[in-house]
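Going down the list, the sequences are from chains L and X. Sequence positions in the first sequence follow this note's numbering and run 1 to 317. Sequence positions in the second sequence follow this note's numbering and run 1 to 297.
Don't take every hint at face value.
What the hints assert, rightly or not - Straight-line Cα separation of at most 35 angstroms, DSBU-like style, residue types lysine-lysine; simulated pairs: (1) Lys-225/L / Lys-23/X; (2) Lys-205/X / Lys-219/L; (3) Lys-248/L / Lys-87/L.
I should point out that these hints are in silico values taken from the structure, not numbers from a laboratory.
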Amino acid sequence: MTAHSYSAADSAAKLGRAVTPSFWSRMWTRDAPGYLFLLPWFIGFFGLTLGPMLTSLYLSFTDFDLLTSPNWVGMDNYTRIFTADPKFAASMRVTFFFVIFSVPLKLAFALAVALLLNRGMRGLPLYRAVFYLPSLLGASVAIAVLWRQLFAGDGVVNDFLAIFGIEGPSWISNPRYSLWTLIVLSIWQFGSPMIIFLAGLRQIPQDMYEAASLDGASKSRMFWKITLPLLTPVVFFNAVIQTIDAFKSFTPAFIISGGTGNPINSTLFYTLYLYQEAFGFFRMGYASALAWVLLAIVAAFTGFSFLTSKYWVHYDE
Amino acid sequence: MTSSAPRLTVVTGADDSAARWRKRALSTASHAALIIASILMLYPLLWMLSASFRPENEIFSSSTLWPSSWSLDAYVRGWNGLRVSFGTFFLNSFIIAILAIIGNLATCSLAAFAFARLEFRGRSFWFALMLGTLMLPYQVTLIPQYVLFQGLGWINTILPLVVPKFLAADAFFIFLMVQFFRGIPKELDEAAQMDGCSPWRIYWKVLLPLSTPVLATAGVFTFIWTWDDFFGPLIYLSDIRTYTVMLGLRTFVDSTAQSDWGGLFAMSSLSLLPIFLFFLFFQRLLIDGIATTGMKR
Numbered sequence: 001m002t003a004h005s006y007s008a009a010d011s012a013a014k015l016g017r018a019v020t021p022s023f024w025s026r027m028w029t030r031d032a033p034g035y036l037f038l039l040p041w042f043i044g045f046f047g048l049t050l051g052p053m054l055t056s057l058y059l060s061f062t063d064f065d066l067l068t069s070p071n072w073v074g075m076d077n078y079t080r081i082f083t084a085d086p087k088f089a090a091s092m093r094v095t096f097f098f099v100i101f102s103v104p105l106k107l108a109f110a111l112a113v114a115l116l117l118n119r120g121m122r123g124l125p126l127y128r129a130v131f132y133l134p135s136l137l138g139a140s141v142a143i144a145v146l147w148r149q150l151f152a153g154d155g156v157v158n159d160f161l162a163i164f165g166i167e168g169p170s171w172i173s174n175p176r177y178s179l180w181t182l183i184v185l186s187i188w189q190f191g192s193p194m195i196i197f198l199a200g201l202r203q204i205p206q207d208m209y210e211a212a213s214l215d216g217a218s219k220s221r222m223f224w225k226i227t228l229p230l231l232t233p234v235v236f237f238n239a240v241i242q243t244i245d246a247f248k249s250f251t252p253a254f255i256i257s258g259g260t261g262n263p264i265n266s267t268l269f270y271t272l273y274l275y276q277e278a279f280g281f282f283r284m285g286y287a288s289a290l291a292w293v294l295l296a297i298v299a300a301f302t303g304f305s306f307l308t309s310k311y312w313v314h315y316d317e
Numbered sequence: 001m002t003s004s005a006p007r008l009t010v011v012t013g014a015d016d017s018a019a020r021w022r023k024r025a026l027s028t029a030s031h032a033a034l035i036i037a038s039i040l041m042l043y044p045l046l047w048m049l050s051a052s053f054r055p056e057n058e059i060f061s062s063s064t065l066w067p068s069s070w071s072l073d074a075y076v077r078g079w080n081g082l083r084v085s086f087g088t089f090f091l092n093s094f095i096i097a098i099l100a101i102i103g104n105l106a107t108c109s110l111a112a113f114a115f116a117r118l119e120f121r122g123r124s125f126w127f128a129l130m131l132g133t134l135m136l137p138y139q140v141t142l143i144p145q146y147v148l149f150q151g152l153g154w155i156n157t158i159l160p161l162v163v164p165k166f167l168a169a170d171a172f173f174i175f176l177m178v179q180f181f182r183g184i185p186k187e188l189d190e191a192a193q194m195d196g197c198s199p200w201r202i203y204w205k206v207l208l209p210l211s212t213p214v215l216a217t218a219g220v221f222t223f224i225w226t227w228d229d230f231f232g233p234l235i236y237l238s239d240i241r242t243y244t245v246m247l248g249l250r251t252f253v254d255s256t257a258q259s260d261w262g263g264l265f266a267m268s269s270l271s272l273l274p275i276f277l278f279f280l281f282f283q284r285l286l287i288d289g290i291a292t293t294g295m296k297r
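Work out the full structure, taking the sequences as your base and the hints as a guide.
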């Protein structure tokens with residue numbers, strides 16, 4: 001081991017120089033390679049993440065408009081957000097409604113289909129591929145364009161409903177339904193959490209089910225007592241990832257509403273509102289404050305999930 | 001014991017056939033449910049594809065999937081539907097995606113190697129920060145980044161979309177690669193180290209050659225996500241000659257959609273084709289890649 005070690009301490013010893021290497025040379029051999037390999041990441045982290053983050057925190061206390069230099073306005077932006085901005089309130093309602101309905105429904109679908117597929121169905125790879133495809137394509141502008149047509153007044157959905165004699169509304173331009181079309185679009189992409197559920201189900205040892213069935217446990221009992229508890233780490237992972245994604249969703253609402261968030265702000269996602277403020281009206285200071293509010297919400301949600309996770313997520317050992 | 005045995009088998013035998021019957025019914029029902037679900041899932045895509053091949057007057061009049069006559073008119077109209085042809089948009093998108101793949105593979109694997117294999121002070125601290133950036137909403141860095149790139153004169157170039165990839169900005173791929181590297185036996189590095197290999201040689205000659213699955217997964221996902229990206233190009237590209245396919249589609253919606261649905265659907269279908277091809281050829285990799293992210297190991 002020592003004979004072939006490549007550390008500087010040994011080669012120094014072999015050359016008959018200092019037997020105890022200096023602090024600096026030890027640091028060089030031990031720490032330098034790690035930091036050198038991380039160099040691109042460090043530049044990115046400080047230059048594109050941490051630096052901009054702090055800058056945007058500063059800008060959120062200013063009236064920056066991209067053209068003139070920023071003036072400090074104290075808490076004005078935040079005060080306005082929470083007390084005098086009906087569009088902020090509207091976009092919050094829309095975003096939370098979207099998250100609260102799309103994430104659980106999507107995960108429920110994903111889990112149900114994964115359970116069905118996990119019963120050793122024939123044709124599993126084919127089904128899995130078919131269900132996975134939409135989640136690869138779904139983020140595309142093309143799909144949002146398609147959705148706009150599907151749920152239009154004379155769209156395919158209403159053609160289908162007409163077969164049963166139902167006259168559907170124009171889903172996209174009716175504020176009661178427009179957000180639901182986006183929720184349906186999100187559920188349509190249940191494939192990627194489904195894949196993760198399937199992988200999680202694979203890891204549950206079969207002998208637990210055999211033991212349970214010898215004890216005469218019913219299928220539903222086995223689901224509640226074995227499958228679901230052992231799957232909670234995967235449920236947790238999927239829920240966190242999908243929720244953060246849902247908060248960040250932008251493209252579908254942008255395309256379906258033509259960038260407006262209409263009808264009557266019913267699809268005004270928070271990200272869309274922020275985009276309008278920043279790049280429509282160039283209220284960059286205000287938009288920075290909006291961004292920090294979003295960060296606070298996402299951080300609060302993530303923190304809350306991790307804190308509560310120890311009460312319902314079962315990690316073995 | 002011996003006398004009761006035959007009676008028992010008779011009873012279980014009857015039970016068996018009932019159970020088998022129930023099992024078969026259940027399996028048929030499951031297949032039926034899955035097939036209906038599959039059709040519902042795919043119908044929108046197939047409908048769009050078929051609409052793109054229909055004669056213009058037939059797009060909305062007929063609800064069958066099979067067009068009465070096939071026509072490529074919509075593709076020709078759509079391709080040249082804007083001031084600049086979609087050929088330019090496709091080329092721009094491909095250039096951005098390929099550079100993004102190179103950047104992500106090179107720099108994310110360097111960072112992942114450091115996190116997974118090298119010992120240095122502060123490693124777990126930086127690793128935790130890296131994981132933290134996974135949760136960070138991009139809006140928090142958006143405006144200063146925009147100001148920075150504008151100051152550098154990078155607006156209307158592909159640089160704001162590509163340079164971050166060369167700085168390992170996609171923490172997801174670092175995470176994915178760290179997971180994979182940790183699965184490679186450490187004895188391999190130790191052996192190489194004893195033979196006098198530097199960390200760089202271990203990275204280049206030992207780990208990377210063993211990591212083609214994760215590199216391919218990261219490459220394919222980078223392609224798909226860069227190809228689909230709408231927000232970045234929307235902000236940084238305003239000259240139509242620099243547009244990506246997604247921006248081209250959006251412009252198409254705004255300018256001509258009401259009159260030319262056929263052209264719009266044709267270009268939409270075409271824009272999904274590269275992703276579909278990747279899906280077709282790398283399905284296994286994509287599914288395994290997604291599956292491992294949710295696992296602890």
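Against the structure, the hints come out as follows:
1. Lys-225/L / Lys-23/X: Answer holds: Lys-225/L to Lys-23/X is near 22 angstroms, not above 35 angstroms.
2. Lys-205/X / Lys-219/L: violated, 51 angstroms
3. Lys-248/L / Lys-87/L: Roughly 18 angstroms separates the two Cα atoms, so the pair holds.
Of the numbered hints given earlier, the model fails hint 2 alone.
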